[in-house]
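Please model the complete structure; the sequences and the hints are all you need to start from.
Chains as they are written, first to last, in the numbering used here: chain A, 1 to 170; chain X, 1 to 801.
Output of the computed footprint for chain A on chain X, the stretches with three or more beta carbons under 8 Å from beta carbons of chain A:
hint, stretch
1, 57–70
2, 74–86
3, 415–426
4, 655–663
5, 695–701
These are calculated hints, taken from the structure and not from any lab test.
Where is the CB? At the ideal position from N, CA and C, for every residue including glycine.
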Amino acid sequence: MVDTTKNIKMYTTYGTKSAKPVQPKISAKLISKAKRPLLVVSSAVLDEELLKRAVSIAKKTGMQVAATSTSIKGFLNEDVKAKYINIHALATYLGDVNWTGLDGEGHYDLIIVLAHKKYYINQVLSGLKNFTDLTTLSIDRHYLQNASMSFGNLKPEVHLEALDELIENL
Amino acid sequence: MSKISTGSFSIEELENVQITIGSIVGAIEKKAEDEGEMGPTPKPGISGLRDWDHKLLNRYEPVYTPMCDQCCYCTFGTCDLTGNKEGACGIDMKTHQAREFLLRVITGAAAHAGHGRHLLHHLIETHGADHPIDVGPTNIKAPVIQTVTGIKPETIGDLEPVLDYVEEQLTQLLATIHAGQEGAAIDFESKAMHGGMIDHVGMEVSDIAQISCLGMPKADSEAPLAEIGMGSIDSTKPVLLCIGHNVAGVTYIMDYMEEHDLTDKIELAGLCCTAIDMTRYQMDNGGTPTAKIVGSLAKELKYIRSGIPDVIVVDEQCVRADVLQEAQALSIPVICTNEKIMYGLPNRTKDDVDDILNDLASGKEAGALVLEFEKLGELAPRLVMEVAPIRKEKGITALPTDEEFKELTNKCVHCLVCEMACPMNLPISDAMTAAADGDLTPFEILHDKCIACGRCEQECPKDIDILNVIEKASQKVIREEKGMMRAGRGQVSDPEIREEGVNLVLGTTPGIVAMVGCSNYPDGTKDLYDIAKEMLKRSYIVVVSGCTAMDLGMYKNEEGKTLYEEFSGSFLKGNLLNVGSCVSNSHITATTIKVAAIFAQRNVTGNFEEIADYVTNRVGAVGIAWGAYSQKAASIGTGCTRLGVPVILGPHGSKYRRALIGKPYDSDKWSVYDARNGEELAIPAAPDYLITTVDNAEEIMPMLAKSCIRPTDNNMGRMIKLTHYIELSKKYLGIMPDDWHTFVRTETDLPLAKREELLKILETEHGWEIDWKKKKILSGPTMKFDVSAQPTNLKRLCKEA
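See below:
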């Protein structure tokens, strides 16, 4: 078992509200329970090991993947529901209750983020934290203060282990 | 005192009376009015263009991504605004973010306007207020100024009332930041747009004044090439390094060096926009710039730490706050030349040059404030000639020796604190491990990505000077950093607009890609080269300025040519234009105004809204501020957006706190009027943002093509733009864009080579009706193509109105 909640050190702070550190098993439970989860990935997912795990999560849950940036290239030959979208546009639409989602079937209730630039996704999450009621879960390797829940800071190899544990528990 | 109207008059029977005329108040505006040219909004106040802003903001909604959840503006606070709560003054998070953004914009605008005021005072003093404005072959010498203020300046003295206006607006905008006032985010947004527009006025004042008085290239497509890169500096000579954005003082140094036969003896190098303007100085009649460019802000600390500069001269804006401390540690005297940066140094402006020189050369003083340019011109070259031999003999540098380097890399305990402190979270720890094993490659890769902010060093528990380690490891790469940059050409000329305007408006030249801004890139400098090259190959006009113009010149093709050498510099499809330094960004917006004025014969004088409406609907231009970090970049970008030019920022741009993004799925937002009859006209959702961000250089490519689509594209134009959009999406994302069909009005909009294949997709995937015999679209498009349609957002411009 990997402890993903130990190191939640931050270099700077956004304010008084911080993501609740979360373990892989609990993350898996949250994802499994969600009615309309959305996995939001970015270009760092093109790393072979990370991609394998992102695909596993998408396949096992059948959830929609918002493939931001160039990450869509990793999903072209995979049997997953993946669609390209720019992340800033996605952040905008997620704040609009009238948006019907990437598949036209309705809004999402859990946003899971993986394989992003830390400073960039933290901004996106800041918008969602302040102006929407969405629950956001970061399973990235950096502690993301602006998510509702987040893994702590992890070394790359530990991060992969944590993702494996999460996948096992889905 | 009585007012005298414009015109000639005579005063008789006066003897021994001296008459001084300062300025004739409103004379230029009066002339424009008399000629019936003045539009509805000369010198608009804060609310003057509010309706236009609200129109834009209705389609492109502000999206806020706070950098800080708290407000600490006043002593009611600190207030926690998390979750859009209200603070003690009643302001909520959304509105506070809009206010924060406004503050960034007017800070940037003030930096340019302050620069402009300083330059203008100086140039009027040296050249006289009657010195004519000469920016090259044009009838519209100051397009932005004329459009915003209604003033058509002829002399540099005419620029004074323009700056008066800019300064008044900035004061009024700054006043709105005060606690307890504006309560609507959208009106802070409108104010931010006002500040952005004002910024372009201030920038235009600065650049046309210096172009006119300092012999800078005047709309010159063949402006000379200047050397750039840390590797291009000859460190065997005394090296005089100038940092900043205001070239006024440095021109005196250059003149002194020329007059005293020192030009070949001293290596004059520059960082940031002062460097660009040093290569423009006295280049309007040809020649080769003798000054060299080190690079952008990201090279500042690296270059100082190398110990190569023997004297540093700073002026204003993007100059690190710790230059004096860093330089002092390496016995490099620093001369401050502008009140914006004084570093606590003694004011030696009134002292004798010999005395200052002795104090600095002997190390008695670490630096001096010298605000008198004649003195600076003499002091800096003499000082560098005196201290260089001593410094070079001692071999002073901050870089570690080979032995020290080994010790430092072994000292790392891989705690990863540096990586957390790094704005880019660069993998420093792995590079330390590799270096300790003798492999310098990871550090060489980091060298280009590292912006040399030094945050890592502040955090390292082992006190490793990480930046010095990176630089030491990258010496081989640094030696090879040699490129070429075309000196800033200034404006685009009228004849160029006449030739190219029609292609732009009809879309047969697929668009203008304006690459501006600073060096806070997400993945090093090479992205700029890749983006520019891709778009140039596709016949887009690529316009560059500032740090981007510099970093673009650092890379070469297989034949050893930079993009500046590979592509011509005219305003024509497939050309690469460097307009100049930061303040030259005004020439980019000016170009779009000129298209409206020259190609479409629109009256621009005091007519901002109509011109912005024209640009929004007809000029396929997009801005990229890939490494935007500064407040100036925020104001430049915002000025573009009010004029209808969308801007894409690199991922760090999300820290500006807000974007303006449309919702393509909300069809109500995507219509305009047809000016012929006032009827509503559906338009494509492109651009679908006014300011947004992207993650990496590959993602930006298809977005650029899409961003240049405009309602007025003719079939050929739309076909060309659509071809690029589809091709770039396939090339960089590996997919057919899911919205390509929304830009198709008729079958002739479809890329010729793929027409049949695309018609099939339209039929099978989108349910469009196709006549396969004639290969025609029978039904499906939401927009119809009408070559005579006159799209406008302004009801007042419609015939029925």
